[in-house]
Amino acid sequence: MKTAALVADLVTEFKTHGRIVIVGASLAGLRAAEALRDEGFNGSLTIIGDEKHEPYDRPPLSKQVLKGWVRADHTKLPRMRKVDAEWRLGVAATGLDRKTKQVRLANGDQVPFDRLLIATGVRSRPWFNPKEGALDGVFTLRTSDDSGRLQAALAAKPGRVLIVGAGFIGSEMASVCRELGLAVTVAERADAPLIGALGGVIGDIAAEMQRDFGVDLRTGVSVEALVGDVKGHVRRARLSDGTTLDVDVVVASLGSIRNTEWLEGAGLATGFWGVACDAGCRVFDINGVVTDSIFVAGDIARAPHVLYEYQFLALEHWDNAVLGGKVAGHNMVSLEADRRPHLPLPSFWSGQFGVNIKGVGVGPFGDEIVITQGSIKDRRFAAAYGRRGRIVAAVTFNHGKWLEYYGALIERSAPFPPPAPGYDQAGDMKPIPARFPDPRVPTGVPDVVLTGHDPNERGAEYRPKKRGPVGEVKRAA
Amino acid sequence: MTPKTAYAEADEVQNGMTPETAWAEAMKFENRANPYSFFDELRKTPVARVAKGTYAVTGYRELLALAHDPRVSSDISHSPLSAKPAAGAESPAGAEHMKAYGKEPSMILSDPPDHDRARRQAMRHFGPPHTPDLIPSMETDIRKLCNHMLDKAKGKTRIDVVQDYAYPVPVAVICKILGVPLEDEPTFHAWIHDMMAGIDLGPELATEEGKVRSEKAKASAAELTKYLAGLIDGFLRKPGQSMLSKMVNDDGPDGPMSPKEAASNATLLLVAGHDSTVNTISHCVLTVLRNPGSFELLRSRPGLIPGAIEEVLRVESAVQFFPSRSALADIEIAGTVIPKGAAVFLMYGAANRDPSRFPNPNHFDPERRDNEHFGWGSGIHTCFGGPLARLEVNVAFETFLHRVENPRLVVDPPPYRQSNVFRGPQHLFIDYDRIRD
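From first to last, the protein sequence lines are chains A and B.
Following numbering that gives the first Met the number 0, the residues of the first sequence are numbered contiguously, the last one being 476.
Following numbering that gives the first Met the number 0, the residues of the second sequence are numbered contiguously, the last one being 436.
In isolation and in its complexed conformation, chain B is listed as follows (with noise of 0.2 Å):
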């Protein structure tokens, strides 16, 4: 199918689409690679009720502002996702997936002053001011490593750009970091796919296939916990020079990070540490192919590289939402009233395609300006690797424009993983003439 029938198909589907349906049609599998005209469709109510319980943010506006009350929580507790069903009662949908980020809750399930301060502990050894180095430091290996992924690809002429060019240079990266051992990759990689594959709130969901999928994801996410787990512990006795060792043995003024919150906090900087990134290349190199012209113009115009990425991340949002918000009073906002306990869903894709806020919002425009989009997310939870993530981005694209010569897609669109949360293409082949040296 190409995009070009699965747009004309959504037309025609959406007159008259009540926000339920508009959401539950976002959230299926099959419209993976574009749900943004359902997103459409809710807009029109950008605070709109989608499922008991549970309302969804697409507007602008209304997503900044949201993003920013001091009565909306991160802390999933709150949220009816984890609350135990009442008996005969329906869950809302994606009940106890997030709780894959570990039994005591990472800083992104987490609200001030425990947010704050587990975000203090851990970007001390990550950014300014007090390791300003860490992040330009990876520069050479981020090249080198991107190099070498193309210097394989010589002599072929098809490549699959999630599994042979996006995915291993920043899963490299993060284990450096981190103090992961990159051995054990082959390890971790199967029980972070399988997470990621439950964390998904389509209606696939309430299936055998889906039932099986969450369990799974749920059986992973407490292995990789236990994983991270045993590493802190080795950290403890013998510390190092990674950031996990740095965050359990700190003397800074907040003190070391319990290591259980360490395993936690392991776990979201492992998997969001690269996951995001990698379906950010992927979009990348994908928008880039689907836009006639864009190439060319980033491989001859290297400066609009930043711009481009950022425009990418807006039209193509590596995180769609974050599920675990929720409203801890009644919040009026856009004509709705969000009632104290709902769930709250901040739709970043969705928002990111604001006409109100983005001139011909669908359209790829690498030159765009004024482009603060939700890409990154908003508020206190701003992506914590974004500065890293931003870096990788820039030169595995960089490369690929430079080196890769004549590519062309295969299929488009290309087939999507599971996740609606965390959204990317699962392969994207890629045809080309060569590899430049």
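Isolated chain A (complex conformation) (with noise of 0.2 Å):
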């Protein structure tokens, strides 16, 4: 009894005068502070963030504010209430002492934590060659920053758009390039739009609903070097199939790199796909030893996930930093009795070609795909993916409605092919091959991942590619 009494005394006092760091002001940090307060955590609360502006919202980015609807600068979150931080923005973590238990800011500060949470997401992976990326007309698309100077070029009405990824970044800034009248090239490495994602029997779907909004698709080339004008704009793209083209912006969407150099030395188990943490948040250090006092959430984060085969899954979903902030925030104050597990069935949405996309489950973990419900050739479909008879994960075209009945049956890991619909059936329920690509083979790096049994990654190795948009993954055998 003495102990336990001592023990709620720390608690108390830990939420009285405790010191918590968020380091990563956006999605996943704002919703944990908030959780954080909800929890009654009234110690010092600091959020820091590299990006000069208040927490705001990603997905307007590639759609709303690039067509010119919204601004770039009016996508702040709303917040869900209080947060009653010090909020340090505009200067970036460049490290972290796990034996002072400090953050070392970019200017020098030292911030010093009880406790920490590690929200530092992911950032655009540049174009391979700097000297091509610091052309005048070449983008990235990750911060309102980028959104807004892309606005901008777009609205300028330039001759031609060349956009170098079809994952759902690049397909999705290709179709408001056609919804504003541009004419826009894209450049796959792979075979088709969304094939890292959903495999190419999707992908082939995705492929002709760009040709027929009037984009010059490209698949199977690279972009091998943009060259630019006297004054230092982008004019021209050579492709890996010999070809050249005339363009006056270029966006490179070749996935992302998580931002984890600021961590570099602090002996936690980070690598090329994130922070691994337990299904609680808390971080491994190197050895696969949990630490008590560090936690991650978001894009950055990898846990082991219950329905992949305890594999650690990498997300850069929305829902996930959303959902991931708020376990981190509530496990960050609460005894082993109390933390919740961060289990989530992981869920997307795109909007491209008029065509509203949404899935849930982890489409590459299977290896078939049977078209359940709709007609694809309407573009109004449901599909559902299987591993070893067990359904993995579905997609829907415009049928976003019946989602929750696959996620229903993917959560309980029910037979594949599910039964008939009644009703509306797409063909003949047989099962094909979903056609996802090698995960050896590099192509645009798809925002789910599963990274394998290993905290550490051991089997796994980057080694930057001295050509080519992506990095290389190269699995040991």
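Be careful, since some hints might not be right.
Claimed, not checked - 30 Å max Cα-Cα, derived DSSO-like pairs, lysine-lysine: (1) B:LYS210 <-> B:LYS51; (2) B:LYS339 <-> A:LYS400; (3) A:LYS429 <-> B:LYS339; (4) A:LYS400 <-> B:LYS43; (5) A:LYS62 <-> A:LYS357; (6) B:LYS27 <-> B:LYS217; (7) B:LYS259 <-> A:LYS376; (8) A:LYS400 <-> B:LYS259.
What the hints assert, rightly or not - Pair by pair, the computed Cβ-Cβ distance ranges are: (9) B:LYS339 <-> A:ARG122: 48 to 58 Å; (10) B:ASN359 <-> A:PRO340: 24 to 34 Å; (11) A:ASP211 <-> B:LEU235: 28 to 38 Å; (12) B:ASP369 <-> A:VAL6: 28 to 38 Å; (13) A:ASN41 <-> B:PRO386: 38 to 48 Å.
If you're looking for bench data, these hints aren't it; they were derived computationally from the structure.
Given the structure is predicted, the values throughout are model-derived calculations rather than measurements.
Ideal Cβ placement from N, Cα and C applies to all residues, glycine included.
Hints are included, so try docking the two chains, each in its own frame, into the full complex.
The following block contains the structure:
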């Protein structure tokens, strides 16, 4: 009883006088801060962000903002409550000293903490050739500043836009270009758009959508060089098939890089795929020992997931940031018995070419697909992914109201193929290969990645390529 | 009888009740004011066989799953409720009523792809992205109408909230949107009243009176659809700006809606476009007056009104269930197998009080969080007019809270309407000190 009382006192003491630092002032960091205050944490709370902006929402940046409907600086996140935090915005964290429990900032300040949340997320993978990347008219899209600049460039009616990489963001940008009446070429190294996340069967449908919308889609090619004019503005692109394109705007949409550099030397399990943690958001150290005072949430976290054979799952999804932030906040001020797991059923949405695409689960975990409901021709359908007779993911095109059903099936690893619907069947319900690219073949890095069982990714090695837009992941045999 | 006695009696009766009995009790007219204790009893088997070929779903999780299950059909022609009973066989309760919504199935009685197409054809002229301004543009009229009704209540100290406040506003609004002349209201009001009275799956259906109501409902539904078909015919000859006119003249990607289908959907939109709104406004007033302190709370903090309305919809769902659904395959759920062909009733009002989903479920908490109730349905048939209804109820409730001084219920529970599907007070008399300017 005595010990229990002591521990209870400690919790009260920590909630009153503790110091919590959140590094990363975006969606996960903000929701974690709100959760901490909801949990009755009244101690000091410091939120550090390298951007000067208050937390803002990113999904509109590739859609409504580029279309010119919403200003780039008008996507601030709604606040769920007052967080009463000290905001250190516009200054990046550059180091973590676990012995003295301090975060080092770019301006030399040291911020002490009792508990730390890592929520530094990801950044755009830059153009592989820095000189070419520095040309006027060459963009990446991740931040609201990026979006504002790109929107201005598109509003200036460029002759042709080249988008390199046909993942979700690249495809959404191509859609916006067409809606703005701009000529646009999309260059993708893989055989189809969205192939990393959704596989070749769906990728082919996405390709058709792009072409029907007037996108000049080129698959199986990479962009080898960008050429500028005398004023340093990009004017030409050279493709791997030997063709050249006259372009005024180039957007490199090559996936993301996890912002882990500042954690170098901290002895945490960090790497190419982010910061490894347990299902309760507690970070592992380099030896796979779980830490007590360091937590992680959002795009940068990778955690073992029960639905996917306990592989570490890295998720660049909006709701993963929200829910992960909340769970991290809760667990940072809770004792063992009250801790909660963050085991989200991954879900995402995208809007492109007049189609609302939504998904649940992890498609690339599967190897088969069956189109279950609706009509591919009308681009209104639902499809399920399976692996060894179990359903692992589903995707809908303009059919999102059905996702709930598939989500429930995935959560209980129901048999695949799922039972035939009673109406509006898409076909014969016969599974076919989903055609995901070999994970070892570098294409655009998908935004859901199963990263193996090892907290330290010892089986994986990242080697930047000299040429080509993305890095190579080589797995040990 | 005070509500307290009603609860106490129910408690005594329900021990050891079979699902069949609990269901029959919940559907009985005498229990219309408070069917919930019987729903609690029923929920002990979240998916239960309650009559021949009929399964009632009262658990939240189970309802959520079935509302999204593509093996559950809303096409009434698949349901045993619409089947001609075989000679000597007992027809499941409620048989003919659901056809009251018209012969050509409206969207609420259809499955994809027809449902999806019809909903798109109608939604183009009602909401975003094609018609984003229609609903917001109604706000001024709604506010004016609400104030007008309360102005009329000045100098009195008693009104019937249903007749004198809740009914006139939504009916005027839906008429304007659809293009139905408000002068015809006395005519169609009677038809709709009879129609709704016939949508009753309780044991009274089998009585002489019930059969008369049922016949009258069918006849009235036919009259109403005929009347609307006449209007639509006029719009085909002389197109106008109303929603019904646009539905049959539109040249959108799905083309115009066929006149027959438009007539069925017009019946649906006209009826559903005000009836449940009336019930919800009445239930808002009833609920706050039943719960001491909540009237003052909402009056002083109007920011809580939208959430409070959702809470009213949770505890007093205006559509308690919609009895068109049936199983197209054997469906195993929560330890029950719903056999192929059985009617499936998703009991929104019951699932909304599932204690495994909503803590303290019988308690009205205007500040309740995480309140994802089924008051608007769930899945592809989720309330089409919800955004309009939300606006109407918000303005009406806010105006009432703001202007009516010291309102008191005259009788509690108030007399209820016949239908156990579209559930709401027949009258709701309140006394008050005065109407503020």
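Those earlier numbered hints the structure runs against, lowest number first: Violated: none.
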